[in-house]
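Q: Sequence:
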Amino acid sequence: MAPMGIRLSPLGMAVFCLLGLGVLYHLYSGFLAGRFAFFMLSEPAAGGPETPHGSAPGGTVDLRELLAVSVLAAVRGGEEVKRVREGNVLNAKAKGKTREGAEEQLTTGDLLSNRRMFYLLKGAFPAVQINSEEHVDTADQETVSWDHSIPEDIKQKIQPKEVPAESVTVWIDPLDATQEYTEDLRQYVTTMVCVAVNGKPVIGVIHKPFSSYTGTFM
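Residue numbers (UniProt numbering): 1 to 218.
Keep in mind the hints are simulated off the structure, nothing from the lab. Heads up, the beta-carbon is just placed ideally off N, CA and C, and yes, glycines get one too. Just to be clear, a hint being listed does not mean it is correct.
Here are the simulated lysine to aspartate or glutamate pairs, EDC-like style, with alpha carbons at most 20 Å apart [stated by the list, open to error]:
id, residue 1, residue 2
1, Lys93, Glu103
2, Lys200, Glu166
3, Lys95, Asp137
4, Lys93, Asp137
5, Lys82, Glu133
6, Lys95, Asp62
7, Lys93, Glu180
8, Lys97, Glu180
9, Lys95, Glu183
10, Lys157, Glu79
11, Lys155, Asp137
12, Lys97, Glu166
13, Lys97, Asp62
14, Lys161, Asp62
15, Lys93, Glu133
16, Lys82, Glu166
So the derived label-pair ranges between C-beta atoms look like this [to be verified]:
id, residue 1, residue 2, range
17, Thr143, Ser167, 36 to 46 Å
18, Glu142, Glu104, 17 to 27 Å
19, Ser145, Val89, 25 to 35 Å
20, Lys97, Asp140, 35 to 45 Å
Please build the complete structure, drawing on both the sequences and the hints.
A: Here you go:
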């Protein structure tokens, strides 16, 4: 497995993906700190629009392409997170409580990032199951296209590898550290994508929207 961008612990990333559990990393000034939060993703998010590229029902998925789209999704989601924060239009509200009893916040940044990330991934790979920490409103679909470009660093380090589409599951966290986000503690905020094949973690992406720093694991 080859890390790119930043060094991510393979063990930590494995726990992050395994059986639908996310290890939510916070990056402190360019390196990982031992601050973890866990979330369980249960019901699959509702399906989005299908497009002719990417995977087809019953077809295959190229994991190198999926990594490229995952990076793009994390970055695009991060753009929404940053735009909302800098425009100070968070519209924060409580969506429930954490396991520890603390109030859990939901903002416009969460929702817009979630929509952008979900529909980009779903549009590129319609046959792949995509789970999100936030609810996906199918009445508010967005067409987000992928131009099939793959960053050079991914091309150089990762070989194409096709797997059955039905074996792939993607999890997204459109805005980790929402509480810190509402407090304008920007250095803790991330967007994330995790991919598993037959329950085994194979791809992880963490993006810091306020520093444009992206770490990948495959």
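Q: Confirm or reject each hint.
A: Each hint tested on the structure:
{"no.": "1", "hint": "Lys93 <-> Glu103", "verdict": "10 Å, holds"}
{"no.": "2", "hint": "Lys200 <-> Glu166", "verdict": "13 Å, holds"}
{"no.": "3", "hint": "Lys95 <-> Asp137", "verdict": "16 Å, holds"}
{"no.": "4", "hint": "Lys93 <-> Asp137", "verdict": "18 Å, holds"}
{"no.": "5", "hint": "Lys82 <-> Glu133", "verdict": "19 Å, holds"}
{"no.": "6", "hint": "Lys95 <-> Asp62", "verdict": "36 Å, violated"}
{"no.": "7", "hint": "Lys93 <-> Glu180", "verdict": "14 Å, holds"}
{"no.": "8", "hint": "Lys97 <-> Glu180", "verdict": "15 Å, holds"}
{"no.": "9", "hint": "Lys95 <-> Glu183", "verdict": "17 Å, holds"}
{"no.": "10", "hint": "Lys157 <-> Glu79", "verdict": "26 Å, violated"}
{"no.": "11", "hint": "Lys155 <-> Asp137", "verdict": "34 Å, violated"}
{"no.": "12", "hint": "Lys97 <-> Glu166", "verdict": "33 Å, violated"}
{"no.": "13", "hint": "Lys97 <-> Asp62", "verdict": "38 Å, violated"}
{"no.": "14", "hint": "Lys161 <-> Asp62", "verdict": "5 Å, holds"}
{"no.": "15", "hint": "Lys93 <-> Glu133", "verdict": "16 Å, holds"}
{"no.": "16", "hint": "Lys82 <-> Glu166", "verdict": "34 Å, violated"}
{"no.": "17", "hint": "Thr143 <-> Ser167: 36 to 46 Å", "verdict": "27 Å, violated"}
{"no.": "18", "hint": "Glu142 <-> Glu104: 17 to 27 Å", "verdict": "25 Å, holds"}
{"no.": "19", "hint": "Ser145 <-> Val89: 25 to 35 Å", "verdict": "26 Å, holds"}
{"no.": "20", "hint": "Lys97 <-> Asp140: 35 to 45 Å", "verdict": "26 Å, violated"}
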